[in-house]
Amino acid sequence: MNNGSARGTTKIPPHNHVERHKHIGVDIAPEANATLKVALVGNPNVGKSLFFNYLSGMYVDVSNYPGTTVEVVKGRFKSYEIYDTPGVYGISSFNDEEVVTRDIVLEADIVLNIVDAVHPERDLFLTQQLIDMGKKVSVMLNFMDEVQAHGLQIDTQLLSRYLGVPVLLTTATTRAGFDQIETAIEHARRGEQDPALHHRLHTMLSITGSEAEALLILEGDEAIAGRHGVPPGHERDTIYIERRNRINIMIDAVLSEKNVRTRVATLFGRWAVSTWTGIPMLLAALYLIYLFVGKLVAQDIVSFTETRLGRELWEPWMRGIAAQYVSPTSWFGTILVGEFGVLTMTVTYLLFLLLPLVIAFYLSLAIMEDSGYLPRLATFVDRSLNAIGLNGRAVIPLILGFGCVTMATITTRLLGNEREKTISAAILQFAIPCSAQLAVVAALLAGAGFTSILIYSITIFSIFVAVGTILHRTLPGTTTPLLIDLPPMRLPRFDNVARKTAYRTYFFMREATPWFFAGALGVGILQVTGLLTVWQNILAPFTTGWLQLPREAATAFVMGMVRRDFGAAGLYHLSLSPNQIVVALVTITLFTPCIASLMVMFKERGFKEATIVWTGTWVVAFLVGGLLSQALI
Amino acid sequence: MKTSGIPLHLAAKGSTLIIVDIPDGKNRARLIRLGILKGERVRCLEVLPGGTVVIEKNRQEIAIGVSLARLIVVAPTSPDHPGHHGAKK
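So the protein lines, in turn, are chains A and B.
In terms of the numbering used here, the first sequence opens at residue 4 and continues consecutively.
In terms of the numbering used here, the second sequence opens at residue 11 and continues consecutively.
Just so you know, the hints here were simulated from the structure itself, not pulled from any lab data.
Even for Gly, the Cβ is constructed at its ideal location relative to N, Cα and C.
The reader is advised that the hints may include incorrect statements.
[To be verified] From the structure, some residues in chain A lie toward chain B, with a derived Cβ separation under 10 Å:
| no. | residue |
| --- | --- |
| 1 | 79 |
| 2 | 91 |
| 3 | 249 |
| 4 | 250 |
| 5 | 483 |
| 6 | 614 |
| 7 | 618 |
| 8 | 619 |
[Said to hold, decoys possible] Pairs of lysine-lysine, DSS-like flavour, derived with a Cα cap of 30 Å:
| no. | chain 1 | residue 1 | chain 2 | residue 2 |
| --- | --- | --- | --- | --- |
| 9 | A | 298 | A | 503 |
| 10 | B | 36 | B | 48 |
| 11 | A | 503 | A | 81 |
| 12 | B | 36 | A | 261 |
| 13 | A | 261 | B | 48 |
| 14 | B | 23 | B | 48 |
Chain B extracted, bound-state conformation:
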């Protein structure tokens, strides 16, 4: 099922996002290593002027340049919805 989404650099600061699609090639491998792949939840911490994005994924902050952020498709979601391996206890 294809979910509609927006490119990451247009996401709202503070929003919780589900990754819908990531680009191919080396960048894909680099992203998967950092845990950024389809279906994962991240939080958008900051979008700097020009589109450099800082996201948070499991307590880890990751900075993504605009040229890459543009290629990552995300869908806003509610922050309470349990994530892939969300908080327990």
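Only chain A is shown next, with the shape it has when bound in the complex:
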């Protein structure tokens, strides 16, 4: 974990293997001045982030969890260090998110467990597991406002006695009950372990020295078993079923339910996953996103920021400054402030084109997520995506790809397994045109006529399906089946949506910016060394002979390496027939993605895979473009 906070002298205990052994069986009182680590843990969609935001205020630290690609947010509340964890249904190592939550819980001194009061049967499984791990726990029953609307009544005192830990009531949206959070942290304690389980734990405890790890090993956690050099246990089924039964008995005693009218929001949710109503809702959602991202941001806002702020204000100003130190025509000047200048084009691209788009896309995503529509969309498209070896969750990177392929490639991390990451990353690189490129494609196609639009769309869609199908058929392994809970449809809260968007945008910009600069630098060097011209000359015969396009189109293809939209824009001032436009646009869409997305691909998917995909895009672009040309022209 990133301990990079330079906030004073608080001693952060090293969390290495030896340190863990100091906790053998008993709770050692922490040193008076040590920072206590508090982990916020809960199922997905229980409002955890609202608790985190309340506790940490503005000062948070977003970082990658070591060894994984999951973002971890850390903040400070009084003398406590607060960790937000990815939402999970239980502690184990089924995916990256679980691994991160597992390790944070193992290292935490106190666990603040957020429980959805409307779905306690589901959430208390995790609660009981945390208690069985021997952690100090406090439970916050959230969504108390919705409990009544659902006709539920919960005997919280009885629940607290069953669990053996404090249970507090909150409504995170109005912050009701938040004044008690500090008390909850202070009063967190070890709860009631299942007696049968407690007995079982004893043997393993002597090996691991930590109850939490002993439990996870018994439950078959291979990673934790590996750390202690013992084989993972085979008792997961028994322990899980016993725990589930215990929760069911508890629920029978503490929860009473009377029938109430179905809420409108519930109906909306049902329609979203129903055969006939799902499609119009999907189309409506896509249209709204298009209006917001495609029209308002990509056209109106970006044309202002990119042209006015970027090309007319920033770039001349930068050139003026640079001219005092280097000649703009020297090779160094070209790299800094030339056509693809690191200080000119790259900055304009990053800040004035990409940033507004990324914010708009993340904002749309956050609204879809917080309203509860996104998991329903994933459900609705699940079967279709199964055909190309993905499950419904892959809809997120695929949608984001239409914004920025680089951003989407990073998002493939959230998918279930390596196979799904490989397939979706490849599809993104091959067949998804990003927004910057789409704008140019749309403009050129609009001039070329309806038939051209049809041929272009069918070709790109076919490649999309073909790439997915081929990879699905050839790669070993299977697709993770979809298994997600659908949270109630709710009106998203502005502050939560805003924060999420801000975190993600910040995280993306921090992650991607160096690659954009590196890419521009690389192309700048190609330009000053004359290699760019060599490259264009190599491509020229293919362009004129095979694709039957003017020689200058080769330049556009090479420019597409820097920025996909540059490539497409290069075609503007060539006089092309409608069929030539289709050929050129198909080629350029399938072509090498922009250099930043390629570099992120190398980083995310490794050298071998990225090289194969990159080479593949060249081959497929020229092959398909050429075949189309031979058929059409």
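Based on the hints, put chain B in the right spot on chain A.
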């Protein structure tokens, strides 16, 4: 006693079901966490073309992909029959 059943993706929309069997391994653990295990009652809210299933279990809606739904065996039951921890009061 072995109860006869049908795979979940063939269940009728709107029907109340008793879970008869769930698959082994990781999927089993994932299902138990969500409260889907042998003997529990669920309601089938939707079966999409292709077999993605949406079920309801104690006010919680859960979506299950067809490849997993195929492995879950269920038996239709009457909706009035009290469930494992059904409504009281």
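Per-residue hint verdict: residue 619 (chain A), partner chain B, C-beta under 10 Å: 28 Å, violated
Residue 618 (chain A) as an interface hint toward chain B, with CB separation required under 10 Å: Given a least distance of 32 Å, the restraint on residue 618 (chain A) is violated.
Satisfaction of hint between residue 503 (chain A) and residue 298 (chain A), Cα-Cα up to 30 Å: 23 Å, holds
Straight-line alpha-carbon gap residue 23 (chain B) to residue 48 (chain B), limit 30 Å: 20 Å, holds
Straight-line alpha-carbon gap residue 36 (chain B) to residue 261 (chain A), limit 30 Å: 35 Å, violated
Restraint outcome when residue 91 (chain A) is required to lie within 10 Å of chain B by C-beta distance: 9 Å, holds
Supplied contact hint for residue 250 (chain A), tested at 10 Å Cβ to chain B: Constraint on residue 250 (chain A) satisfied, holds at 8 Å.
Closest C-beta approach of residue 614 (chain A) to chain B relative to 10 Å, hint status: 32 Å, violated
30 Å limit on alpha-carbon distance, applied to hinted pair residue 36 (chain B) and residue 48 (chain B): It holds: about 16 Å lies between the C-alpha atoms, which stays within 30 Å.
Hinted pair residue 503 (chain A) and residue 81 (chain A), Cα distance within 30 Å: This hinted pair holds, its Cα atoms lying about 23 Å apart.
Given hint residue 483 (chain A) near chain B, where the shortest CB pair must fall under 10 Å: Holds: closest Cβ of chain B sits about 8 Å from residue 483 (chain A), inside 10 Å.
Restraint check, 10 Å cut-off on beta carbons, for residue 79 (chain A) near chain B: 32 Å, violated
In summary, the structure is inconsistent with hints 1, 3, 6, 7, 8 and 12 from the numbered list given earlier, while agreeing with the others.
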